[in-house]
Amino acid sequence: MPALLLIPGLPLAAFVILILIGRRLPPPVAGWVSVGALVGSCALTWAIGGDVLHGHRPHLQWPWLSAESGFWTIGLAVDGLTWLMLAVVTSIGTLIQLYAIGYMRGDPRCSRFFAYLSLFCASMLALVMADHFVLLYAGWELVGLCSYLLISFWFEKPSAAAAGRKAFITTRIGDTGLLLGIMLLAFAAGELHFDQLDAVRSALLLQHREFLPTVISMLIFFGAAGKSAQFPLHVWLPDAMEGPTPVSALIHAATMVAAGVYLVARTFPLFTPQSLAAVLGVGLFTHLAAGTIALTQTDIKRVLAYSTISQLGLMFTALGLGAMPLAMFHLTTHACFKALLFLGAGSVIHATHQQGLAHLGGLFRAMPVTAATFLVAALAMSGVFPLSGFWSKDAILLTARHEQAWVFWALLGGAVMTAGYIFRLYLRCFHGPAPTTPTAVGVHAQESPLIMTLPLMALAFGAAAVGLLGSPVSHQFFHLFGLHEAHEGLDLAMLAVSTAVAALGAWLAWTVGVQHRNLVPAAARPAGAALYRLAAHKYFVDEWYDRIIIQPFLRTAERLSRFDLRVIDAAVDRAGLTGWSVGQLKNWFDQRVVDRLVNGTAQTVQRLSRLGRRLQTGVVHHYLLVLTAAVVVLSACLRWF
Amino acid sequence: MVLSSLLLVPLLGILAILAAPRHAERLIQRLATLATALTLGLSLGLLAKFDPQLASLQFVERLSWIPPLGVFYHLGVDGLSLPMVVLTTLLSFLACLASWGIPERKKEYFILYLLLELGMVGTFLALDLFLFYVFWEVVLVPMYFLIGIWGGGRREYSAFKFFVYTLAGSLAMLLGILALYVQTHTFDMIQLAAAGPALDPGLQKLLFFAFFLGFAIKVPVFPFHTWLPDAHVDAPTPISVLLAGVLLKMGGYGFFRISYPLFPEGAQWFAGCLATLGMINIVYGAFVAMAQTDFKKLVAYSSVSHMGFVLLGLASLTPEGMNGAMLQMFNHGIITGGMFLLVGVLYDRAHTRELSAFGGLGARVPVYAGLLTFFSLASLGLPGLSGFVSEFLSLIGTFGVWRWQTVVSVLGIVVSAAYMLTVLQRVLLGPLNDKWTQLSDANLRELVTLVPLLLIILGVGLWPLSVLQWQDPSLRALIQHVLAPR
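Protein sequence lines, in the order shown, are assigned to chains F and C.
Okay, so the first sequence: first residue is 1 according to my numbering, each after it adds one.
Okay, so the second sequence: first residue is 1 according to my numbering, each after it adds one.
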């Protein structure tokens, strides 16, 4: 099935073209190459959509590490879950890349930017289409790489360079969990294909009870938490906002960070009640904690980043509740409205070159399209009927009410915060007083060009309408997961509660966030201020990590390096020196003793011979004398003895 | 005669250069390049004629050399040596191109260079222990002079350290060879592989250990590694490439060719130790690399870390692990060879290797930046590039056997990401240091040396079967031989 290869292949081809000859192409062409490839993938995805919905499963395999063993056969496969991710990535990706053509206009490294974006799309598509853990892992690492390259795209800024590295290393810490999970699974079950996971689960449960599947699924979840920025591995995502805004929209909001949710959904059969409880705990905690931080941030993109972390937490909460299709549903609606929010923020930044809330305000008149679409997204995220966020969040709330009531109440609290921070952002950007500082910009700001506003409008439509696919009106969305039973229908009580909660959040945003009225009773104010400070500093997690992880890590490296030099290498040098000293000693011995003996012998011989030479006078009488004396002495000796 | 021709061509090159006048430098370097290119061509021809289905030795040549001792001139290749031979001839050719920039005494340089290649290729071809030892030692001498004369920094110290340290290891190996000869009265590795396993297990362990010392210093295994950073840093660029790319592999190859087949009892007895040492190499090497401020020294320590995966895979005695170990040797040669070339490119221009001296080069030299990024990513084990395949295979093959050593080793890949990205950040990212506004990008000759390596990294990464198919049958036969019940 060549279409399967082409879906990631087209963006890959775009990457190759752009990286090799991109600099020679005129800037807009680079963007269009990238967009064109993704449009192709998008069209192919939608073309196979009908088949997949009817239960057809296209599959393509090839040998990877061994020609004989089926264990190492990897390939691409599409089922409902994958198709959904494909549709999200290609459709939203296309809109965002289109927007990026406008946003990145004039950047000297424009072609590089689109090359990376294309590589990202190819890797992401390969990740979701992988039928084997190792191929997924490959895509997983490659999207991490693209994220790194794009976060540090404006690498002249030291903060961008540092943020890229932080993102890569933090997610890689999570990846080691995933890698260990894969190794354990390969070892314990001898199977790494996703379509065998149900069988693997039963085999593992039979052999090892729940212990091993729990360990494996927790390791996998650790990897997912790294990619999806869940506590305690969330620290990289806010810093990732250093990248260009279309990157934040595509990678750090709509698609890559959702890969963690996808991974858990994909490996859902391996999750045991114990590990799901952990997923629920981490997801819910992250949802609430990130929500409080988002309420206090003053940088538009950072508010949105914490909002993303929080919403991903909500998806993990849904997974933890066992409602995998609902998590995927929220992933889909979130992708629409969060991409829209980021692109709207990008439009504001593009027009004003400001991203601090203190420098923004009253932009509604200058940027009506941006403001209106942003409002749609804000309403959708707050869960206002009948926009998409309502349907997905509502379904999760309903499940929580049935499953665990305390989760339901916690999620309602989260919903108030969600509406609160997003309306605080919306109101302070587009309404409220325009700043009066010299950097006042609201007056000069202009609406962004059509190539940027068109994707905004398309996404606004999506943010408004996509939810209907999973609503009681049309149950189409859940057919992807093979769920055909009728939905329980619209719960009017929930509708009322949801709307009331969103309204409460918006009202709080207006009174506290824009009008700066302090609603906290006087007695509790010091505590409230302390809490606010804590949240505004992101609970000091970064500082804490620096102290307990990064600094000890660097110190360990330093110490080991010194150990290498001063102990191991020194020992080698000392051994060498000892050898040399032994040589010296032997040299001394040679000179003083051996040589002296040799020399002494020579000298003795010399002296004796000098003595002997005296006899050799050349005078015959002397010789005769010696001869006579010798004869006399010898005969005397003979006589004697 | 095809294997002998691999040795003959460098030898003829040496003779031709000897005959060339000293001042004809261009002629000399062309002759050397021609010789290395021919050797590469011959080894590629060998690759084409090699039958990957067979696990046995091919193209065997056997002539009596010293009859009273039973020493034979005995050559042959199988799946264990072929990748090493190709790696050697390829890196020798590319490093020869990189040697064109050697400023002085080119005649001596290239003579020694070709002698080095002769020794390296011979080591991988020899099937007679005596011959193996001869080639093994032949490598040492030119290396000593190449570092000591054309190197930089404390070159005499480093060259001396390298020479004496390796020689000390060779001595243990020589004793092992003699002891083995006394027991079996043959130097023939094939006969020894049949006779060795029948030796007394205690003796096997002793002999394994004697050979281990010789090979461990070459690999190098912690704590015998400290000659490596000094020798690498002070050697001229092309020689660093060969040191890291080929010489370290001689140690690893020794395990595959000699220690494992001849002393299976010893191999199994030592496997736990080897896995632990591999783990230490991986993690310790990575940590120490993290602390380096000299670019070349950092790459040198990263070699220590990467060679750990070879030991880890060797210790596993599983097809995955052994394939990973063997492939890691090949991959490390290509990747780290490329890294040293890249360090050299920068050093030639900037005359410094201090990481803190750079910054922001990404904007100034985009091609160089792209290459450095690519090789760094390969080095940190990015999937899709070759390093990932071998590291992954080593890890997954060892996991079932040496669980904790593998788990700790996995942590090494986080550290390797940390130091590699630190390099990229310090060299390429951030604001451009004013000193380097005139820096020129990689030139054609440098590209010619780097692009083939890049293509191989990509090719093996995407289609690992292309290399694995050569070595897999031989490795499976080896595992079977080692684990055979006695």
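Everything labelled a hint here was simulated from the structure, so no lab data went into it.
It cannot be assumed that every hint is accurate.
[Claimed, not checked] Listed next, the stretches of chain C that the computed footprint assigns to chain F, with coverage defined by at least 3 CB atoms under 8 Å from CB atoms of chain F: (1) 253-265; (2) 403-411; (3) 471-483.
[Stated by the list, open to error] Straight-line C-alpha distance at most 25 Å; calculated SDA-like pairs for lysine to any residue: (4) F:Lys157 / C:Pro431; (5) F:Lys586 / C:Val164; (6) C:Lys49 / C:Val71; (7) F:Lys586 / C:Ser356; (8) F:Lys157 / C:Asp441; (9) C:Lys49 / C:Leu69; (10) F:Lys157 / C:Leu171; (11) F:Lys157 / C:Ser356; (12) C:Lys435 / F:Gly528; (13) C:Lys435 / F:Gln551; (14) C:Lys435 / C:Thr373; (15) C:Lys435 / F:Glu156; (16) F:Lys157 / F:Trp588; (17) F:Lys157 / C:Val164.
[Claimed, not checked] Calculated Cβ distances over 10 Å to all of chain C for the following chain F residues: (18) Gln355; (19) Gly356; (20) Pro433; (21) Tyr532.
Backbone N, C-alpha and C define an ideal beta-carbon position, used for all residues, glycine too.
Hint by hint, here is what the structure shows:
1. Only residues whose beta carbon comes within less than 8 Å of a beta carbon in chain F count, and the segment 253-265 of chain C has 0; fewer than three means the coverage is violated.
2. Given a C-beta distance limit of less than 8 Å, the hint that chain F covers the segment 403-411 of chain C holds, as 4 residues qualify and 3 suffice.
3. Here's how the segment 471-483 of chain C fares: 1 of its residues keep a CB closer than 8 Å to some CB of chain F, so the rule of at least three is not met and the hint is violated.
4. For the hint linking F:Lys157 to C:Pro431, the alpha-carbon distance of about 7 Å falls within 25 Å, and the restraint holds.
5. Restraint check for F:Lys586 and C:Val164: satisfied, since their Cα atoms lie roughly 19 Å apart, inside the 25 Å limit.
6. Taking the CA atoms of C:Lys49 and C:Val71, the gap is about 28 Å. The hint is violated against a cut of 25 Å.
7. Taking the CA atoms of F:Lys586 and C:Ser356, the gap is about 47 Å. The hint is violated against a cut of 25 Å.
8. A distance of roughly 22 Å separates the Cα atoms of F:Lys157 and C:Asp441; the hinted pair therefore holds under the 25 Å criterion.
9. A hinted pair counts as satisfied when its Cα atoms are at most 25 Å apart, and C:Lys49 with C:Leu69 does not qualify at roughly 34 Å.
10. Under the criterion of a C-alpha separation no larger than 25 Å, the hint pairing F:Lys157 with C:Leu171 is inconsistent with the structure, at around 55 Å.
11. Taking the CA atoms of F:Lys157 and C:Ser356, the gap is near 16 Å; set against the 25 Å cutoff, the hint holds.
12. For a cut-off of 25 Å, the pair hint linking C:Lys435 to F:Gly528 is broken: about 52 Å separates their Cα positions.
13. Taking the CA atoms of C:Lys435 and F:Gln551, the gap is near 31 Å; set against the 25 Å cutoff, the hint is violated.
14. The straight-line distance between the Cα atoms of C:Lys435 and C:Thr373 is roughly 22 Å, inside the 25 Å bound, and the hint therefore holds.
15. With a C-alpha separation of about 16 Å, the suggested pair C:Lys435 and F:Glu156 falls inside the 25 Å cut-off, and the hint holds.
16. A C-alpha spacing of about 64 Å is found between F:Lys157 and F:Trp588, which places the hinted pair above 25 Å, so the restraint is violated.
17. For a cut-off of 25 Å, the pair hint linking F:Lys157 to C:Val164 is broken: about 48 Å separates their Cα positions.
18. Look at F:Gln355: its CB is around 21 Å from the nearest CB on chain C, clear of 10 Å, so calling it non-interface holds up.
19. At the 10 Å boundary, the C-beta of F:Gly356 stays outside the reach of chain C, the nearest C-beta of that chain being 23 Å off.
20. The Cβ of F:Pro433 lies farther than 10 Å from every Cβ of chain C, with a closest approach of about 37 Å, so its non-interface assignment holds.
21. Every C-beta of chain C lies more than 10 Å from that of F:Tyr532, the closest at about 34 Å, which supports listing it as non-interface.
The structure is inconsistent with the numbered hints 1, 3, 6, 7, 9, 10, 12, 13, 16, 17, although it conforms to all the rest.
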